[in-house]
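Line by line, the protein sequences give chains R and L.
Under our numbering, the first residue of the first sequence is numbered 1, with each subsequent residue one higher.
Under our numbering, the first residue of the second sequence is numbered 1, with each subsequent residue one higher.
Don't read these hints as lab results, they were simulated from the structure.
A portion of the hints provided could be inaccurate.
Quick list of the computed label-pair ranges, beta carbon to beta carbon [said to hold, decoys possible]:
id	chain 1	residue 1	chain 2	residue 2	range
1	L	E78	R	G108	15 to 25 Å
2	R	W187	L	L180	40 to 50 Å
3	R	V142	L	V14	26 to 36 Å
4	L	V28	R	W187	14 to 24 Å
5	L	V28	R	L43	47 to 57 Å
6	L	R225	R	G108	23 to 33 Å
7	L	Q147	R	G108	12 to 22 Å
All C-beta atoms in this analysis are idealised placements derived from N, C-alpha and C, irrespective of residue type, glycine included.
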Amino acid sequence: MADPRVLEPAAGTVAGPTVAGAYGALVRSRIAAQASYRSSFALDIAAQVLIGLVEFAEVYVVFSQVEKLGGFSFAEVTLIFGLATAGFGLADLVVGHVDRLPYYVRTGQLDAFLLRPLSALGQLVTSDFSLRRLGRVVVSLVLLAVALTAVDIEWTPARVVLLLVTPLIGAVIFGAVFVATSAVGFWLVEGTEFTNAFTYGGNYLSSFPFTVFGSVVRRTFTFVIPIAFVAYLPALALLGREDPLGLPGWLSWSAGPVALLSCCAAGLVWRVGLRHYTGAGS
Amino acid sequence: MIVEVSDLRREFVVRRPAGRLRRTRDVVAAVDGVTFGIEPGECVGYIGANGAGKSTTIKMLTGILVPTSGTVRVCGVEPVRQRTALARRVGVVFGQRSQLWWDLPLQDSFRLLAAIHRLPASSAGPRLAECVELLEMEPFLDTPVRQLSLGQRMRGEVTAALLHSPELLVLDEPTIGLDLLSKERLRGFLVRERRERGTTVLLTTHDLPDIERLCDRILVVDHGRVAFDGTLPGLVARVGAERVLVVDLVEPGPPLSDVPGTTLRLVEADGLRQHLAFRAEETTAAAVVAAVSARVELRDLAVTEPDIEDVVRRIYES
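One chain only, chain R, in its complex shape (with noise of 0.2 Å):
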């Protein structure tokens, strides 16, 4: 006989006849996969706490040298790294794993993505959950609330709305540097080595204000990968300050727009691959 369990969805589980419903029933497959190595999971937590304060330590001993960076108080640097790593954490919690596509194209797990339904991107993004990642967002938020305390900025109510959606807009430009510099995957197949220069090096950039660079690397990562506005071009706008090297000050408030060109040439570059891989392209 069969089992009578699997003629009902275990509760919880209950997936709606919508796309929405696919793939919120995969990112919850994936959560109760990781919850069910709870030690592990508190390790993994720690662990991202852990280099999220490392990483600012680095800040820390600058600091402890110098009294301005870049014409940037210590406080008002940390507000940058603050939304930095928001931005970073939140789009590595979401996308973060879509530089494992090398492996996906390696062990043939793509070809059994596109014999589903759904998009081959969209079930990529929701084929990890890694939850642990929150970890390096807790830093950033409490690094933000300690800078917020001690920076002088003149609150108005588009401040406060640009300070809410700043780590959200951050997360979505990383988010689009993930899938765009991911999709070399498909041409490469130690593809996650070069994706993650541009992840956690632009990270690495975004979390410093843009006047401790030299122009090659100012330019390019304003202009060309839009990091710049992660945390640098919205600080400035918080903090009330014109660029110290002229950039117009609108720029200062036009990330929501840049992510929003950002996803679209991600959305572009991936869909090229994916057309190389299918043979489409070559």
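With chain R fixed as given, assemble chain L onto it according to the hints.
Relative to chain R, chain L alone:
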């Protein structure tokens, strides 16, 4: 027709090092002008040697690969363009590409697939219960997929491919590595699936009993081309494969070298057992048996069918 393939071609670029820095670029056609059609309800065996282009063809049929030239239509749609629409109507088992989640209990995979295919519980439930019963999966439904044996996992894969009741089921080496009992259980299940639902089946295999048991039509591919399209008896007739009648006599007799339409292949135990080969198109087993028993007294007999591996090899050679 449920599958229509016309002059299908797929090339791959193979780069090889030539000298220290240069690389040569060769274009190899894995599928080289294949044309065939499959009617709803047929079961077609797609066979050929390794590298003959079977998997490449299947990838083009299921929308994973774009053809270099030629046309493919499956269930009336163009696979790559309408990949997700096609995925709802086709079930695929790739021997090496699992549809299951290795870290979840087997039945959680089924639940997820039902959600992915957006099946209402009213249709997914009974369908799953049916597969669970017929494939005897009940004892390991709660076992994580990574702990399943190959035979158990393959039953899970087949269920995963059939959960959404596809019109076309594509199986790539479904019985590879399975023990005899598991193979037979799977074949029995597929025979029933076809009978009950009229599901069209396309399968590649190296296992020739699969073909004898399941397929009413065979496509033999060789070097990217269709070398034969017809029935198994037709294939046997085409290459002139021989059936062999093995007779055991009551007492040792003279060599039976004069039976019409046969060739004496082997005489064992001083003529107590003799092997007579004959061609299906020249005579029948019954006629041979009659001719033999007119000469000697028979104790036992057996007819061995042609070895199909051998038949396929002959197709390649011809």
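Hints and how they fare:
Taken as a hint, the range 15 to 25 Å holds for the pair E78 (chain L) and G108 (chain R), whose Cβ atoms sit roughly 23 Å apart. The given range of 40 to 50 Å is respected by W187 (chain R) and L180 (chain L), whose C-beta atoms sit roughly 44 Å from each other. The beta-carbon spacing between V142 (chain R) and V14 (chain L), approximately 55 Å, falls outside the hinted interval of 26 to 36 Å. Taking 14 to 24 Å as the suggested C-beta distance range, the pair V28 (chain L) and W187 (chain R) conforms, at roughly 19 Å.
For V28 (chain L) paired with L43 (chain R), a C-beta distance near 49 Å keeps the hint of 47 to 57 Å intact. A C-beta distance of roughly 26 Å is found between R225 (chain L) and G108 (chain R), which places it inside the suggested range of 23 to 33 Å. Hint check: Q147 (chain L) to G108 (chain R), Cβ distance near 21 Å, so the stated range 12 to 22 Å holds.
In summary, the structure is inconsistent with hint 3 from the numbered list given earlier, while agreeing with all the others.
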